[in-house]
Amino acid sequence: MILLESILDGIADIRTHMGRTMLQLVGVILGVASIVATFALASAGREQSQRFYRMSGGIAKIFIWNKQSGKVTDSARAAASKGLTFGDAMAIRSQAKEIDLVSPVISEQAVLRFGDREKTREISGVVPAFSPMNDFKIERGRFITDSDIQGATRVVVIGTDRANELFGSDDPIGKTVTINGTGYVVVGVMEHKFFAFGSGRNALRWMNRQIFVPVTTIMTRRGESLKTGRVAFMHVRMKDTKRAKEAVQEVEEILKREHGVTDFEVISRVERLKQNEEQGKMYDITFMVCGIISLFVGGIVVMNIQMASFNERIREVGIRKAIGASGLHVFGQFMAEAVLVSALGGIIGIFLGRAFTTGISMLTNEPAIITPEVILKALVFAAGTGIVFGVYPALKASRLNPIEALRVE
Amino acid sequence: MSILSILNLAVSRKVEKPSLHAVPERALIELHGIRKTYDSGENAVEALRGINAEISKGEFVSIIGPSGSGKSTLMHILGCLDSPTEGSYWLDGQDVAAIGGGGLAKIRNQKIGFVFQTFNLLPRASILKNVELPLLYAGVDSDERTERARQALELVGIGNRAKHRPAELSGGQRQRVAVARALVNNPSLILADEPTGNLDSKTGTEIIDIFETLAAKGETIVIVTHDPAIAARTHRRIRIVDGEIVDALPGEAVA
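First to last, the sequence lines map onto chains A and B.
Counted the way my numbering counts, the first sequence spans residues 1 to 409.
Counted the way my numbering counts, the second sequence spans residues 1001 to 1255.
Just chain A, with the same shape it has in the complex:
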């Protein structure tokens, strides 16, 4: 009950010192607003990159690239290594227990012709696993099939941008397009992919520009055998993302056995995500420190003004003590005031932070997310500031000697 009265007393005091209270509020408001804004932008960024990963095949994806060691001391066997081959892909598929999808890709420049249109474009030799691997679905017709691979058929599947480029508004399915002088039948058109990190540019545009043919068709035309056919890169998918390390290790061992040297690089998205998270944490900490510094400044304002308020009220404290207020009563009265102002500042700060966030978001086209967690954090920080910086003046007031306090004019 005394506490409630102290709070009411505090409110009365806040009302009688509007100017002073406003200063105090501004300090806390700005601190909280900047915390809200930075957290909102940071968490939005993280959300986005996770969504991007989901849209392009998920985090179970492992990338395998060729890597030239380039060392003079390379053994003859290493020098003779042709890099990643289709044989490697087959070896991984048959041997790796941690892997459930293998998608080798060959890419090369080719001249495409349809009617009177002629374009030089990159084409990709792929296997049916490419589609589930990259979460890239067929929109119309069909994708490359196992029988296409076995028969090295002359079929082609195209992305939406290429469909527009070559066929305009015509239906491409069933049409024959000439690639490097040989006719290929268009059997499918891929779905349209779109993902923007806020700036509006489609980060998945490369997918809409794909031209897929069976991987074996390219190898056959190059005169390479299934086993030794060189591939540009491979994607493999791990069965369990919790066993990312084991999966990467297994793939590395198989490839090393096949090649004799480490002329490849294996990177899993899980690892990359971890790196990103780590980086994200750095950002979070930076933001947090900035926010805390602003709140700290706000806190100093609170303390300053509480000290001024204390100096102004020494005599009042003396009177209260003389008629029976204990140190705790006085402490409670001062604390109630500091915490009230800070909490009020916190609430206003959240709204201002929201306004900041919306403003920044509109200016930079970056999305921002204010989660309940952000709001809770900001409020706790604000009230905490009030408590931490209110303690000293309140303690000073509570310890005042009533005799000396009453002497103050």
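Calculated directly from the structure, the hints in this document are not laboratory data.
Each computed DSSO-like pair below joins lysine-lysine, with the alpha-carbon atoms no more than 30 Å apart:
(1) A:LYS396 with B:LYS1111
(2) B:LYS1106 with A:LYS396
(3) A:LYS119 with A:LYS175
(4) B:LYS1129 with A:LYS396
(5) A:LYS67 with A:LYS245
(6) A:LYS239 with A:LYS256
Cβ pair distances, simulated, as ranges:
(7) B:TYR1038 with A:ILE387: 32 to 38 Å
(8) B:TYR1038 with A:ASP284: 53 to 59 Å
(9) A:THR16 with B:ASN1198: 23 to 29 Å
(10) A:GLU404 with B:GLU1206: 30 to 36 Å
(11) B:ALA1229 with A:ILE387: 52 to 58 Å
(12) B:ASN1186 with A:ARG407: 25 to 31 Å
(13) B:ASP1242 with A:ALA12: 42 to 48 Å
(14) A:GLY19 with B:TYR1038: 37 to 43 Å
Ideal placement from N, C-alpha and C gives every residue a C-beta, glycine not left out.
The hints should help you fit chain B onto chain A, whose structure is shown.
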């Protein structure tokens, strides 16, 4: 010099109401060998040098003495604003000299009502809120606080000003408010420090009239003053010089 014979006079004035508490019955206030030393570096100042006194329930007493005599220090100790360096102070059956800071606040709240020379009202609070304040710290609920504060204001003849702020009142009216605040929690002792010091003589007399009426109703009142005319109206005066009681006489004897 012995003052015991005179103090015995006071003891004989003890209230007749039989005590329900333990025997032997004590006076409301008993001071034994009270010393107060202010340590300021090498030269310690002895403000009080062995005060022995008793004040019974219902007595109307004045403490007089020149400035620097130690009467303010004695007043602070009587009012539990300060603790003696040495000696014991029994107030209403409790040795308050042994009680520390937090406990003293409670004693001040429940056993003592202060009236100051400069009134010491909270300027931002209404008269009613000012008088309610001791009850607030005593943990009395809101309705009862208002009721009792109104009664106390009626008692000092200022019930119609409850909603006003102190600044809107005259000095005499403010001091009445202070008296009401001192009374409101039914203290064992009302302590007044130069209560007429900031008032003209007519208003001052009115305030002393109020004290007299309260004393007649059985309140125990101690007034610290340097004004012999006021001291003369009390039942007994205790004169302090250089931290010692030099003289204690019935008020009428010096009038």
